[in-house]
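2 protein chains.
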Amino acid sequence: MARVVVDVMPKPEILDPQGKAVAGALPRLGFTGVTEVRQGKRFELEVDDSVDDATLAKIAESFLANPVIEDWSVRRVEP
Amino acid sequence: MARVVVDVMPKPEILDPQGKAVAGALPRLGFTGVTEVRQGKRFELEVDDSVDDATLAKIAESFLANPVIEDWSVRRVEP
Numbered sequence: 432m433a434r435v436v437v438d439v440m441p442k443p444e445i446l447d448p449q450g451k452a453v454a455g456a457l458p459r460l461g462f463t464g465v466t467e468v469r470q471g472k473r474f475e476l477e478v479d480d481s482v483d484d485a486t487l488a489k490i491a492e493s494f495l496a497n498p499v500i501e502d503w504s505v506r507r508v509e510p
Numbered sequence: 432m433a434r435v436v437v438d439v440m441p442k443p444e445i446l447d448p449q450g451k452a453v454a455g456a457l458p459r460l461g462f463t464g465v466t467e468v469r470q471g472k473r474f475e476l477e478v479d480d481s482v483d484d485a486t487l488a489k490i491a492e493s494f495l496a497n498p499v500i501e502d503w504s505v506r507r508v509e510p
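Protein chains in written order, with the working numbering: chain C, 432 to 510; chain F, 432 to 510.
Simulated from the structure, these hints should not be mistaken for laboratory data. Only true hints are included.
Within a straight-line C-alpha distance of at most 20 Å, the following computed SDA-like cross-link-like pairs (lysine to any residue) qualify: (1) C:K472 to F:A452; (2) F:K472 to C:A452; (3) C:K489 to F:R459; (4) C:K451 to F:V435; (5) F:K472 to C:P443; (6) C:K442 to C:V499; (7) F:K472 to C:P448; (8) C:K472 to F:L457; (9) F:K472 to C:E475; (10) F:K472 to C:R506; (11) C:K472 to F:V465; (12) C:K442 to F:E509; (13) F:K472 to C:Q449; (14) F:K489 to C:V453; (15) F:K489 to C:T466; (16) F:K472 to C:R473; (17) C:K472 to F:R469; (18) F:K451 to C:G471; (19) F:K472 to C:E492; (20) F:K442 to C:V508; (21) F:K472 to C:V453; (22) C:K489 to F:E467; (23) C:K472 to F:G471; (24) C:K472 to F:V439; (25) F:K451 to C:E492; (26) F:K472 to C:V508; (27) F:K472 to C:V435; (28) C:K451 to F:E492; (29) C:K472 to F:D447; (30) C:K489 to F:G461; (31) C:K442 to F:V436; (32) F:K489 to C:G450; (33) C:K472 to F:W503.
Over the 12 Å line for every Cβ pair with chain C, so calculated as not near, a few chain F residues: (34) E444; (35) P498; (36) V499; (37) I500; (38) E509.
All C-beta atoms, glycine included, are put in the ideal place defined by N, C-alpha and C.
Bound conformation, chain C alone (with noise of 0.2 Å):
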């Protein structure tokens, strides 16, 4: 068994408005100087040692993002 972190985030030239609501509320709410705020998915997944490193990044690709306005990154952690 292993776990694995997948992390999904926006392409830095697709608009996020989600993060971009965060930046928007976090001076009103008290807090100064964050000047940006992307916000995307964060997965972890617990995967057999059979799972090999393409699998896990067609895994990624094909299904966790969408590859047209997400960037991904897979990487394995210790337990």
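Following the hints, complete the assembly by docking chain F onto the known chain C.
Using the frame of chain C, we list chain F on its own:
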């Protein structure tokens, strides 16, 4: 300027319907060996150097996460 990553994940004892849906769909799409999926959020913040770790923790806990149902972590990353 520094880049900060805030990871927000549902607590282990909280049901995660999005993650469950992903885990249930993967075998139907031909991907076996993934035993569990949890879906959370990832925020990337650009912050001034004046923003200290205590402020970042407050932002994460009070604003980016719902600490009743979510765990969160803050880390500074290389730009």
